[in-house]
Amino acid sequence: MNDNRYYKILVGLAVAGLIIGTWGVANVILYGKRATALGSYVPWGLWVAVYLFFLGLTAGAFLITILTYVFRVKIFAPIGPLSAFTVLVAITCEVIIISFDLGHFSRVWRFVVNPGWTSMIFWMGVFTNAMIIIYALELYFLLRRNLVEGAQREGTPARWLYRLLSFGKTEFTEADHVADHRRVRLLSIISLPVGLIFYGINGAIFAILLNRPIWNGALTPLLFIVTALLSGGALTTFLTYIFKIDDALVHYLGHVIRFLLVVFLFLEALQFFVGYKTGMVINRASLDIIAFGPYWWVFWVVHILLGSAVPLYLLSFRHESAHAVAAACFLIIITFIAVRLNFVIPDQAVYKLEGLEATFYHWRLRTDQYFPNLNEWLVSLWVFSLGLLAFMLGSRYLPIVSAGKGEAHHVEA
Amino acid sequence: MTRVLPLEDALLRMQRDLKRALAKDPRQIRWGMVIDLSRCIGCHACTLGCVAENKLPPGVVYRVVVEEEMGHYPMVRWRFVPRPCLHCQNPPCTKVCPVHATYSDEQGVVRVDYNKCIGCRYCLVACPYAARTSDFGERYTNDTPELPGKLFGRRAAFAGYEQRLSAEYGRRWPDRNGGSPFGNARKCHFCLHRLKVGMLPACVTSCIGRATIFGDRTDPESLIFEALGSPRLFRLKEELGTQPAVYYLK
Ligand code: SF4
Ligand code: SF4
Numbered sequence: 001m002n003d004n005r006y007y008k009i010l011v012g013l014a015v016a017g018l019i020i021g022t023w024g025v026a027n028v029i030l031y032g033k034r035a036t037a038l039g040s041y042v043p044w045g046l047w048v049a050v051y052l053f054f055l056g057l058t059a060g061a062f063l064i065t066i067l068t069y070v071f072r073v074k075i076f077a078p079i080g081p082l083s084a085f086t087v088l089v090a091i092t093c094e095v096i097i098i099s100f101d102l103g104h105f106s107r108v109w110r111f112v113v114n115p116g117w118t119s120m121i122f123w124m125g126v127f128t129n130a131m132i133i134i135y136a137l138e139l140y141f142l143l144r145r146n147l148v149e150g151a152q153r154e155g156t157p158a159r160w161l162y163r164l165l166s167f168g169k170t171e172f173t174e175a176d177h178v179a180d181h182r183r184v185r186l187l188s189i190i191s192l193p194v195g196l197i198f199y200g201i202n203g204a205i206f207a208i209l210l211n212r213p214i215w216n217g218a219l220t221p222l223l224f225i226v227t228a229l230l231s232g233g234a235l236t237t238f239l240t241y242i243f244k245i246d247d248a249l250v251h252y253l254g255h256v257i258r259f260l261l262v263v264f265l266f267l268e269a270l271q272f273f274v275g276y277k278t279g280m281v282i283n284r285a286s287l288d289i290i291a292f293g294p295y296w297w298v299f300w301v302v303h304i305l306l307g308s309a310v311p312l313y314l315l316s317f318r319h320e321s322a323h324a325v326a327a328a329c330f331l332i333i334i335t336f337i338a339v340r341l342n343f344v345i346p347d348q349a350v351y352k353l354e355g356l357e358a359t360f361y362h363w364r365l366r367t368d369q370y371f372p373n374l375n376e377w378l379v380s381l382w383v384f385s386l387g388l389l390a391f392m393l394g395s396r397y398l399p400i401v402s403a404g405k406g407e408a409h410h411v412e413a
Numbered sequence: 414m415t416r417v418l419p420l421e422d423a424l425l426r427m428q429r430d431l432k433r434a435l436a437k438d439p440r441q442i443r444w445g446m447v448i449d450l451s452r453c454i455g456c457h458a459c460t461l462g463c464v465a466e467n468k469l470p471p472g473v474v475y476r477v478v479v480e481e482e483m484g485h486y487p488m489v490r491w492r493f494v495p496r497p498c499l500h501c502q503n504p505p506c507t508k509v510c511p512v513h514a515t516y517s518d519e520q521g522v523v524r525v526d527y528n529k530c531i532g533c534r535y536c537l538v539a540c541p542y543a544a545r546t547s548d549f550g551e552r553y554t555n556d557t558p559e560l561p562g563k564l565f566g567r568r569a570a571f572a573g574y575e576q577r578l579s580a581e582y583g584r585r586w587p588d589r590n591g592g593s594p595f596g597n598a599r600k601c602h603f604c605l606h607r608l609k610v611g612m613l614p615a616c617v618t619s620c621i622g623r624a625t626i627f628g629d630r631t632d633p634e635s636l637i638f639e640a641l642g643s644p645r646l647f648r649l650k651e652e653l654g655t656q657p658a659v660y661y662l663k
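Same order as they appear, the protein sequences are chains A and D.
The numbering of the first sequence is the working numbering, which starts it at 1 and goes up by one.
The numbering of the second sequence is the working numbering, which starts it at 414 and goes up by one.
Only chain D is shown next, with the shape it has when bound in the complex (with noise of 0.2 Å):
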């Protein structure tokens, strides 16, 4: 019986290649991500699924799917270019941090250390993709009214969206001591938490034109390792050198 469906789902061979890489040695992976412009479909499903995952607030957001107007009347296109933080391999926004609260892990994941950051901002102001966002304690139900019964009003909406814990970094957040991440500068990070228990990142599973390709970058069999190949391979702002992790595809 062969192990690969004929016409299987992206997914499913991901899936796969994440299994793989997660019974390796830690310190031989390295994550990255392709992006498929040609199967973005501009929905911004990965947008919301980062959003719902991480229990970002107002204002705080990982990946969005930045469009683009192409070409002149009558021969427009739209082209739609998702970003998420783009896990430099020689990252701006580290270097510039007073107190070491970001770095880049062993497997090439740009990461912060929410009970370290003291929310100076400069990484938001060094990275050159703005893929940072501050948190600045914005909350979805500030100013509104509380309402009467336990399925609408602010009470009801606060425990079943804001109240939730993320599960950032393997920790839950917000952090009773010091409340981080309010304050703090966020980011993606690959969804490691999610990765640590063998799931791929809410963006990658959320992709309907399964445009995202998530994976080892040093693992032959896997998808990424293909993709990467490809001759429509390019790099956001490829030439400040700050050598993303993240590609996209033509």
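Only chain A is shown next, with the shape it has when bound in the complex (with noise of 0.2 Å):
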């Protein structure tokens, strides 16, 4: 990642996205929800999927920063503000594309004014931010030497940006770094609760909704926990690789990805087995549309032997391998998206009422013809690209990878 090289092309990449979704970000402005393929009936869509996405993302930091600062395992220290920025990134994604979905985005100072306590997603909202406060804080402390350093030296990139972040301080003694570390792991104790929180309430927000088979249910939100550190850990694993930090540490990463992998597809199975079981004509019907359905190929495919399958057998057998395990890792991650999108469609695609599709025709009044359009994929384009941008840019101009170096040291001090 240091190479030129992929920089550029990357940075390339994610404006060339960026250009191309504008078009559908446009047209989301101008015309609203009505540019997109959304209905009544499937009223949450890709983008939902997507936001689903970048919350699993931003799980990576809050399992390296855990292990780190509250379990105390030294060797995940390097990566830590990596992780941290991961994060920042990854949750302002997610801010965005739901604010995308959202059809009175400029009203959104009525979670404040308005809070509706008994909704999951009002806590969502309170959550998220203290999640953003939680990791800026963090990741601010965790780069504070290296900004008061890289502001006092010549020729550091951005130099300006060093010196706007230091805040004017222009010598950064030991003592100064063993508070700043006192600090971090105060702020991981306090992640801790707050994390396994704000995953369990976005799980929440569906498993307390009455006549939805496959979201409702006490295992919704332990799935919501497993799955964003199993996306977030894979995430951060492949970065911990791209950015040549240390490849023993890919290695055990390796093996705390493959415990969550098979953890997941545990509680999956028990989702499929119990749903079949209680023989339920709903339960069934959702689920033989993610297994059996027009978009079969997504489950068994993408997500069972892409995404789990051959991640498996790489973690199992090939584990030795730091290019093997970042390898499954990016299946993982790649794939992830096709979980989340079976996780959100299939149980709005079967009518809650009977009946209810032979009457009052309109496209957006049926469950079986949502597909998201061109302006869903362009948005989410936008957002992704977006996401690569401020990442490329931050681990370029900011110290995150060089912060991490020596890091282990500091964890106990």
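No incorrect hints appear here.
Among the chain D residues that face chain A by a calculated CB cut under 7 Å, a handful are:
1) Pro511
2) Val512
3) Lys529
Here are the simulated BS3-like cross-link-like pairs (lysine-lysine), alpha carbons at most 27 Å apart as the crow flies:
4) A:Lys277 to D:Lys650
5) D:Lys663 to A:Lys352
6) D:Lys650 to A:Lys352
If you're looking for bench data, these hints aren't it; they were derived computationally from the structure.
Just so it is clear, the structure is predicted and the values come from calculations on it, not from any experiment.
Ideal placement from N, C-alpha and C gives every residue a C-beta, glycine not left out.
Each of the two chains sits in its own frame; use the hints to bring them together as a complex.
Listed below in structure tokens is the structure:
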């Protein structure tokens, strides 16, 4: 990644994605939700799936910082700053994509003025903000020494940024460093319950709903926590490999990811087993859509084969090779959107009132016809590209990789 | 002179019931509806009456008539189940709203405050009866050609229907500032704006089978009170505990 060529290619891709995606963004701004293929019986579509995808990616930092600073597993310390930065980028993308999904984004201030205490979406908003604050502070304290030192050094790229973020501090003593680490540890300890509730609440948004065969149930929040850790952990592992931080670390992370993948698959199997065994038509119909519906290949080929079986093989039998572990993690990440789509859509794609499909025809009143349209894909591309660009620029101009060096010595500080 | 005709139209009685209810302390009123399935002939007039009353755009519908085929050939019959918002007394939709835009009022009507709704559509997925729709901003006249003359063409149609303001919740929509109800969750509101001026909901007056009975559930003299005593009474998905204020007669 230090390689300039890769950097340029990725920045180029991000810029191209932003330019192409602008068409969709403009359409959505001009025509509102009319520019989407959503309907009233499938009111949540691709953007909610992408939102959940980004949500998962944020869990990487959660996993790493908890392991490092709460449980003091020193080996993960070098990737603390990188993973905290990733969480900020992913959570920003998450907020942006869900903002596009709102019918009236201009009214978000109502969250503050008319808080709906009983609503899981309200609490999601609260905990999203809490996570942003925690990780922004955590990243800042992890980077501060490098920021202050970089501001003083001639030739630091984007030195003005370092100066700005140093807030006038010109010297950084060992005592400052120790104090910052105490703060990081404190923030990590706070992030443990906050993060668990954050991921759990996102699951609860779906879990509490009546008459929703796949979503409803106590398993969903747990599944959300595990899926978040899995996809977020996979991203962090992949980045550790790409940034050539430490191959031994990639190896250790590979074990963690394998464990999470097995737990996730077990929970998913439970969901299918219980769903089918209830014998309820609505449960079977939703599960049938996932496994045998028109997009069966998304489940079997993309998720089970490419996103689970191949990574499991690589993580189990080729785990000595950092290359193989990184490939497994890459597969998990890119196929994860399939997992999210299969969670969001099939439950809605079954009529909840018998006979509803035969009455009052309008294509926005169908459950079986939703497929994201071009605008929805373009907006998603735009947000992904924005995230990629922010990540690339951040990794180049902020000391997120260098700040991790020697970090292990300070974990016990 | 008796005040009741021996064979009077149920509408007349409901009209009297309504007048009596409106004279009460508003806090004592509990609006409700009973739909007699044996009287519904599946004409969908209530659906259209509602669409016209509330100037609903394409893809937005408050009251559908669900058609169910019962039995096996050759012993088959149709059953028609009109489904407005059921105005649940324990509504799952209001509890999920992050900004309190949808709520039950003191008369048991589940409302949407159009100017508060952020359009997250959580209430749509939370309603187990699929009674809510989202206004995606569709217009019948979108992409239609303009024709010369005043009677036909996009502009004429636009002025004739789509530009007409709807009076939902006693206000004029669409709202000029925020654009509501575009982008909002929308649903049946028991035609509160009509009730306010002593008129029955549009679905009730347009029901040619007189299958829809509306009124104050707490008024012992009312037709709805009588209907609520029927052994044929049931509610949709009773097991969910939503306690709809819209009942059905088998
Ligand atoms: S029928 Fe649906 S929209 Fe109406 S009150 Fe019940 S849950 Fe809410
Ligand atoms: S769509 Fe509107 S009324 Fe429904 S939950 Fe969201 S903000 Fe509330």
